[in-house]
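Required output: the full structure, derived from the provided sequences and hints.
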Amino acid sequence: MFSKFDVIETIDMIEKEHLDIRTVTMGISLLSCIRATAKGTAQAVYDLVMKKAEKLVPTAEALSGEYGIPIVNKRISVTPVSLITAAFPQKSMLVGQALDRAAQALGIDFLGGYSALVHKGTADYEAAFLDTVPETLAATERLCSSVNVGSSKSGINMDAVRTMGEIVLKTAQLTKERDGLGCAKLVVFCNAVEDNPFMAGAFHGVGEGDTVINVGVSGPGVVQHALKFVPEADLTDAAEVIKRTAFKITRAGQLIAREAAKRLSARFGIVDLSLAPTPARGDSVAHILEELGLEVVGCHGTTAALAMLNDAVKKGGVMASSRVGGLSGAFIPVSEDIGMIESASAGKISIDKLEAMTCVCSVGLDMIAIPGDTPASTIAAIIADEAAIGMVNNKTTAVRVIPAPGKTVGEEVSFGGLLGRAPVMPVHTGDAGAFIRRGGLIPAPIHSFKN
Amino acid sequence: MRAVVTVTGSDRRGIIAKVSGFLFERNVNIEDISQTILGDQFAMIMMVDTSESKVEFAALAKELADMGTKIGMSVRLQHADIFDAMHNV
Chain A
304 MFSKFDVIET
314 IDMIEKEHLD
324 IRTVTMGISL
334 LSCIRATAKG
344 TAQAVYDLVM
354 KKAEKLVPTA
364 EALSGEYGIP
374 IVNKRISVTP
384 VSLITAAFPQ
394 KSMLVGQALD
404 RAAQALGIDF
414 LGGYSALVHK
424 GTADYEAAFL
434 DTVPETLAAT
444 ERLCSSVNVG
454 SSKSGINMDA
464 VRTMGEIVLK
474 TAQLTKERDG
484 LGCAKLVVFC
494 NAVEDNPFMA
504 GAFHGVGEGD
514 TVINVGVSGP
524 GVVQHALKFV
534 PEADLTDAAE
544 VIKRTAFKIT
554 RAGQLIAREA
564 AKRLSARFGI
574 VDLSLAPTPA
584 RGDSVAHILE
594 ELGLEVVGCH
604 GTTAALAMLN
614 DAVKKGGVMA
624 SSRVGGLSGA
634 FIPVSEDIGM
644 IESASAGKIS
654 IDKLEAMTCV
664 CSVGLDMIAI
674 PGDTPASTIA
684 AIIADEAAIG
694 MVNNKTTAVR
704 VIPAPGKTVG
714 EEVSFGGLLG
724 RAPVMPVHTG
734 DAGAFIRRGG
744 LIPAPIHSFK
754 N
Chain B
67 MRAVVTVTGS
77 DRRGIIAKVS
87 GFLFERNVNI
97 EDISQTILGD
107 QFAMIMMVDT
117 SESKVEFAAL
127 AKELADMGTK
137 IGMSVRLQHA
147 DIFDAMHNV
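Residue numbers (the numbering used here), protein chains in the order written: chain A, 304 to 754; chain B, 67 to 155.
Honestly, the hints are just simulated from the structure, not real lab data. These numbers were taken from a predicted model, which means no experiment stands behind them. Positions of the beta carbon are idealized from the N, C-alpha and C atoms, including for glycine. Careful: at least some of the hints might be erroneous.
[Stated by the list, open to error] Mimicking DSBU-like on lysine-lysine, the simulated pairs with C-alpha atoms at most 30 Å apart in a straight line are:
#: 1; chain 1: A; residue 1: K546; chain 2: A; residue 2: K617
#: 2; chain 1: B; residue 1: K136; chain 2: A; residue 2: K307
#: 3; chain 1: A; residue 1: K753; chain 2: A; residue 2: K617
#: 4; chain 1: A; residue 1: K531; chain 2: B; residue 2: K128
#: 5; chain 1: A; residue 1: K651; chain 2: B; residue 2: K120
#: 6; chain 1: B; residue 1: K84; chain 2: A; residue 2: K319
#: 7; chain 1: A; residue 1: K307; chain 2: B; residue 2: K128
#: 8; chain 1: B; residue 1: K84; chain 2: A; residue 2: K307
#: 9; chain 1: A; residue 1: K565; chain 2: B; residue 2: K128
#: 10; chain 1: A; residue 1: K565; chain 2: A; residue 2: K618
[What the hints assert, rightly or not] Under 10 Å between C-beta atoms, here's a sample of chain A residues computed to sit facing chain B:
#: 11; residue: V310
#: 12; residue: T313
#: 13; residue: Y370
#: 14; residue: K551
#: 15; residue: A555
#: 16; residue: Q557
#: 17; residue: I692
#: 18; residue: V695
[Claimed, not checked] Footprint (simulated), chain A over chain B, 3 or more residues, beta carbon under 8 Å:
#: 19; region: 81 to 92
#: 20; region: 102 to 115
#: 21; region: 120 to 133
#: 22; region: 147 to 154
Here it is in structure tokens:
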């Protein structure tokens, strides 16, 4: 049984501290949709997604009403499209557009899975698929793309890394009238996970069941609020407070995930224990770090504080859910976190510090605007550095940078909504071109040989 | 269905009478009531059973919220499982 104080605490979390279910994401396998032609496949994909996810939005809204907790996003992830279009990769855009139409018809804000997994080598059909990514992202609204270029087990496919530097740049150029918005929907991963409910990196792995429900919880504001009550606590006690809070947040996610799966005749996949910020005040991961005693996120000490936060979130969350997966940790996107935006605008956080932070949290360089004239080889080198961190540390890392078309340091890109805004941050100007042009595979680290 | 009605806002006379009358009219059984004052805020928490309700859950929640707006209070109806999940191991 719960007490009246428990009831009031929950209501305060929801109404004052932005507790919400960030996303209910339905993963759908598209493998049964492969037909002889691109057109036939696109139609089959559209029909299947419309059928499977027909009740996703109304079900999530009903759950939100019954339990009194907002469910912010309803999303879909699908099998990496490169696998579905392997027989006609040049025409992959048809499938991308079909998915985009389905997302619009269903009232889904983002649909992820215009993806390829090339961590050990790029097949011909995958190379042709990757060529379609910039145009497809420019021609669609809600479709998200991700590419896995490395893993701890396989090493880093540096040919794919080089290609992705070019693709990121081209995507920005093709969406230049919208500040390079296409790049906000394109993630380059190392150690991508197959059950991630969050965008833009969600896709439905081939090892998954037919239809699953994955839920991403959130609640940076709740954690920050809980820490406000213990300003003098040492870090052991502060970690304990975070852990207890993460437990409560995750339990709400677990309840919604189980119930949503039941009502949608899908399998309950996982709960992703991530603290995902939004640009709203009071919903910031950066402000949690500042609550712990940092003057501004990005100063020395930020990495340590984030490591503690990330670990405490996992420990509380793992206890709360029977199935944990996805990325699970603290997200540090720059444009989507008011504390990050303010620190970056004031020049208090650098891309180097962000890179260091990605060693200890759940994702990578996320939603960072860089100068529009950054060469493709430099973007590839940023991807390579991040992939190396993921590969060596057995964790997921990602790069989602926006080379802001026609803009440079001191200016800002603005996407609105959950994607927020970001000041253009400086990158190092030394040339890594010769390193990137070498290509090949960076071999997997010795500690990956566990068999 | 076991559910929780919460009423929060500035304290005023007749709130319990108003809300319990409203629930009685819709055949919702009140199992427990407690109230507390937090600062200048009044909070009333009712455990209710909606299984015999004349109105389905979503509509009941909306009617309660609308009634709350009329009397200047915030009134919510939530499935009890959310509190069980978050506050019990």
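Status of the hints after comparison with the structure:
| no. | hint | verdict |
| --- | --- | --- |
| 1 | A:K546 <-> A:K617 | 8 Å, holds |
| 2 | B:K136 <-> A:K307 | 24 Å, holds |
| 3 | A:K753 <-> A:K617 | 25 Å, holds |
| 4 | A:K531 <-> B:K128 | 34 Å, violated |
| 5 | A:K651 <-> B:K120 | 59 Å, violated |
| 6 | B:K84 <-> A:K319 | 26 Å, holds |
| 7 | A:K307 <-> B:K128 | 22 Å, holds |
| 8 | B:K84 <-> A:K307 | 20 Å, holds |
| 9 | A:K565 <-> B:K128 | 24 Å, holds |
| 10 | A:K565 <-> A:K618 | 27 Å, holds |
| 11 | V310 | 5 Å, holds |
| 12 | T313 | 6 Å, holds |
| 13 | Y370 | 4 Å, holds |
| 14 | K551 | 4 Å, holds |
| 15 | A555 | 6 Å, holds |
| 16 | Q557 | 7 Å, holds |
| 17 | I692 | 35 Å, violated |
| 18 | V695 | 36 Å, violated |
| 19 | 81 to 92 | violated (count 0) |
| 20 | 102 to 115 | holds (count 4) |
| 21 | 120 to 133 | holds (count 3) |
| 22 | 147 to 154 | holds (count 8) |
Hint compliance for this structure: hints 4, 5, 17, 18 and 19 are broken, all remaining hints hold.
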